[in-house]
Amino acid sequence: MKKLPPRAENLRRALAQEAARIMSEHGIRDFLTAKRKAAERFGVTDGNVLPRNTEIENALAEYQRLFGGPRHDETLAAQRNAALSAMQLLSEFEPRLVGAVLSGTATEHNDIQLHLFAERPESITFRLIDLGIDHEVVERRVRYGPDRVVAYPGVHFEYDDHVVDATVFPVDGIREAPASPVDGKPMRRMDVAELEVLLDADDAPRAQ
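In terms of the working numbering, the sequence shown opens at residue 868 and continues consecutively.
Note that these hints are calculated values from the structure, not bench results.
Every residue gets a Cβ at the ideal spot worked out from N, C-alpha and C, and that includes glycine.
Mixed in with the good hints, there may be bad ones.
Label-pair ranges, simulated between beta-carbon atoms [claimed, not checked]:
#1 896 / 955: 21 to 27 Å
#2 874 / 996: 57 to 63 Å
#3 1064 / 928: 31 to 37 Å
#4 1017 / 958: 22 to 28 Å
Once the Cα atoms are required to be at most 16 Å apart in a straight line, the calculated EDC-like pairs of lysine to aspartate or glutamate come out as [as the list claims (entries may be wrong)]:
#5 1052 / 1014
#6 1052 / 892
#7 904 / 892
Could you build the full structure based on these sequences and the hints that come with them?
Given below as structure tokens:
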């Protein structure tokens, strides 16, 4: 993206901050929607000054640091602990945590996003039935690049007072992560052991 004049760069930063505020306060999870709402509020019609998703994500992290305080930390810790419990229940499907709960930019409105891997997707629904967990079977369209979008089954359920949204990939799908909606690069995935380490680090006392 070409460098803009200073005034336009300042406007882009302001748009990123407003989009971040909208996502945090109004529960909007889609970057494009938040971006458009911010542009509408500022009366911006020039698409060249709209911020990138990465800029909005950075602004969201800064917004939460400044205004979220202990409440954000507590919400994120609860989401990550619920994610760990759900992953342990579904351990046979090699669960991976992805998305905003992993990155730390989740608000109270975000679902816990998991990737699961199975030879037969219905084996996951059978497992949820065995556990007595009500769930909904859905379809998820996953992007791997500009011209490659693949539809996979998914399951949507509540666990430990949180909503879990899991996409079910074939077993070999563990080797290729789809594109992140933030920057288009392969999504970061975290397994159970890595999440346990992250939670331990979050619980460790901070140096004064």
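A quick look at each hint next to the structure:
no.: 1; hint: 896 / 955: 21 to 27 Å; verdict: holds (25 Å)
no.: 2; hint: 874 / 996: 57 to 63 Å; verdict: holds (59 Å)
no.: 3; hint: 1064 / 928: 31 to 37 Å; verdict: violated (21 Å)
no.: 4; hint: 1017 / 958: 22 to 28 Å; verdict: holds (25 Å)
no.: 5; hint: 1052 / 1014; verdict: holds (14 Å)
no.: 6; hint: 1052 / 892; verdict: violated (27 Å)
no.: 7; hint: 904 / 892; verdict: holds (13 Å)
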